[in-house]
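Here the protein sequences line up with chains H and Z, keeping their order. When the letters of the first sequence are read in order and numbered with my numbering, they come out as residues 1 to 311. When the letters of the second sequence are read in order and numbered with my numbering, they come out as residues 1 to 311.
Each hint should be verified, as a subset may be incorrect.
[As the list claims (entries may be wrong)] Below, simulated DSBU-like cross-link-like pairs (lysine-lysine); rule was C-alpha separation at most 30 Å, straight line: (1) Lys157/Z x Lys240/Z; (2) Lys235/Z x Lys300/Z; (3) Lys235/Z x Lys111/H; (4) Lys300/Z x Lys240/Z; (5) Lys235/H x Lys300/H; (6) Lys300/H x Lys240/H; (7) Lys111/H x Lys240/Z; (8) Lys111/Z x Lys157/H; (9) Lys235/H x Lys157/H.
[Stated by the list, open to error] If you anchor each label on the Cβ, the simulated ranges turn out as follows: (10) Arg163/Z x Pro64/H: 51 to 57 Å; (11) Thr112/Z x Thr2/H: 17 to 23 Å; (12) Trp89/H x Glu187/Z: 39 to 45 Å; (13) Lys240/Z x Gln23/H: 43 to 49 Å.
Read the hints as simulated data drawn from the structure, not as lab findings. All values reported here derive from a predicted model rather than from experimental measurement. We treat Cβ as the ideally placed atom computed from N, Cα and C, and that holds for glycine.
Number of protein chains: 2
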Amino acid sequence: MTGPVLALAGGVGGAKLAWGLAQILAPEELVIVVNTGDDATFHGLHVSPDVDTVMYTLAGLANPETGWGVAGDSSQVLEMLARYGAETWFQLGDRDLALHIRRTELLGQGKTLSLATQELSRSLGIEHAIVPMTDDAVRTVVNTEEGEMPFQVYFVKHRCVPRVRSVTFAGAGEAGVSPGFDRALNEAGALVFCPSNLYLSIDPILSIPGVRRRIASFQGPRVAVSPIVGGEAVKGPLAKMMTELGREATCTAVARHYVGLCDVLVIDEADGASAAEIEALGIRADVTPTVMHGPEDRIKLAQRVRELVGY
Amino acid sequence: MTGPVLALAGGVGGAKLAWGLAQILAPEELVIVVNTGDDATFHGLHVSPDVDTVMYTLAGLANPETGWGVAGDSSQVLEMLARYGAETWFQLGDRDLALHIRRTELLGQGKTLSLATQELSRSLGIEHAIVPMTDDAVRTVVNTEEGEMPFQVYFVKHRCVPRVRSVTFAGAGEAGVSPGFDRALNEAGALVFCPSNLYLSIDPILSIPGVRRRIASFQGPRVAVSPIVGGEAVKGPLAKMMTELGREATCTAVARHYVGLCDVLVIDEADGASAAEIEALGIRADVTPTVMHGPEDRIKLAQRVRELVGY
Chain H
1 MTGPVLALAG
11 GVGGAKLAWG
21 LAQILAPEEL
31 VIVVNTGDDA
41 TFHGLHVSPD
51 VDTVMYTLAG
61 LANPETGWGV
71 AGDSSQVLEM
81 LARYGAETWF
91 QLGDRDLALH
101 IRRTELLGQG
111 KTLSLATQEL
121 SRSLGIEHAI
131 VPMTDDAVRT
141 VVNTEEGEMP
151 FQVYFVKHRC
161 VPRVRSVTFA
171 GAGEAGVSPG
181 FDRALNEAGA
191 LVFCPSNLYL
201 SIDPILSIPG
211 VRRRIASFQG
221 PRVAVSPIVG
231 GEAVKGPLAK
241 MMTELGREAT
251 CTAVARHYVG
261 LCDVLVIDEA
271 DGASAAEIEA
281 LGIRADVTPT
291 VMHGPEDRIK
301 LAQRVRELVG
311 Y
Chain Z
1 MTGPVLALAG
11 GVGGAKLAWG
21 LAQILAPEEL
31 VIVVNTGDDA
41 TFHGLHVSPD
51 VDTVMYTLAG
61 LANPETGWGV
71 AGDSSQVLEM
81 LARYGAETWF
91 QLGDRDLALH
101 IRRTELLGQG
111 KTLSLATQEL
121 SRSLGIEHAI
131 VPMTDDAVRT
141 VVNTEEGEMP
151 FQVYFVKHRC
161 VPRVRSVTFA
171 GAGEAGVSPG
181 FDRALNEAGA
191 LVFCPSNLYL
201 SIDPILSIPG
211 VRRRIASFQG
221 PRVAVSPIVG
231 GEAVKGPLAK
241 MMTELGREAT
251 CTAVARHYVG
261 LCDVLVIDEA
271 DGASAAEIEA
281 LGIRADVTPT
291 VMHGPEDRIK
301 LAQRVRELVG
311 Y
């Protein structure tokens, strides 16, 4: 091994594999770079949903039923905010809100999102590095048949119902990778794409200038875990979006998305029949159980990924 | 009657009389102008303790045990903020925090504190006008034997223990009265000093350029209710401060503070013996029960005040 494993992650699915990797890799052996295209301001507070989910998951605080938010949280603040006329379609529990209040305060003091994330992670006892993809504002915009909408409006307010035409990343052209992401791209010995939404979690990371090229020319092993299992997304709107974007909701279509960016695609046993098609694209297919029901599944999948990257 | 009653108030004691006045005067007959010298920023949120207390009291939400905060509030957010390393000596309940979050958002949108207060008050169903004394930053600073400290540090963190040498109001020189206060000073038919701390609640209001002069030349009846009863403050550090500042903790000393500013000082039956001394200062002493144990006491005192101002 020549450097840490660089794992690219979105929210819930990515956080589960990241948690698994964190159980079997030492803090210096893993850097988790997280999508921030979902970031949004609610009630004047900076919410970074994927970073939050990864932090809560690694800290053991995540709500096991939803995968996001804090387990056992209450909603006193939101009830009062509604009374003050604030829009409250975005769920924010009381314990969760503390994170956004504190982050917003740190950002207001001039700290970068990277530094704020580092400070907050450490406060929660997290030893592994959680790094936002950028310290600049990159915002995912979903272009639907009902018009263009910010990611959270599409995802939470409209529950992913509008048909998607395309996804863009406002601000990406002017954004730079965060210092931690830059360092990891230079120093990492292997790269892992966690099983996250291709369009909403992985593409925002790839949208930052230079990232796609640096991953394409990355020297170590590159492994992706398919977020599609048996023609369906394990969680979220990915399968629906693939269909709306004119693709099939299959592991082969996932592989096509990763051509030139990864060497091995881990697919579930349910998709073993796609292996030949995937390999025809120049990507090795590795068939293993990928659905993570509980902690043991996460660790098993992480172990398989570690083997595949040769750690 | 020629205009509304203008009531000047600080926190808990002032809020009680303001509540009483609001029960017997129509919304157009009362303007409550509130001290903002206690305002402070906690966790990046603008907290306006006296305005909050008056709002919660008029909305029927105030914690009856403390007089401030929201009844039955929880503290999930603060517990997590402590975990993130934030200083949490200033108590902020979950339901209470929503007010500060929303106010901070409104201020961030460019609204003045007056407009934010108006919007928040109305959301809580309050019909009477609650007006901050100024929309500018006036901050009470307490000069103690242990050094100079911002009001909340003295009041909450150090529980008023350090001996006070003087009190100053940073920013007062450059501050202006809020539009609602200005209008009330022009249009009010009577003026009431609620039973609030002379140095920490009334003086900040008087520190804004022009206010002392305008009250001195105010044409209608001016009535103050003594915050000192039987040589003690009904609540808070007033009696202790009076002693530290070289004054006696008596109604006569209260009257001396109000010379030129009020025509009648309402004193409790416990202080009837001071009446002659007070009248020798040119202020009429009105002896009536002033301690407000419950809603009925508040209304009775408000009724007496209304009689005294001739409404």
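Violations among the numbered hints, reported as their numbers in ascending order: Numbers 3, 7, 11 and 13, in rising order.
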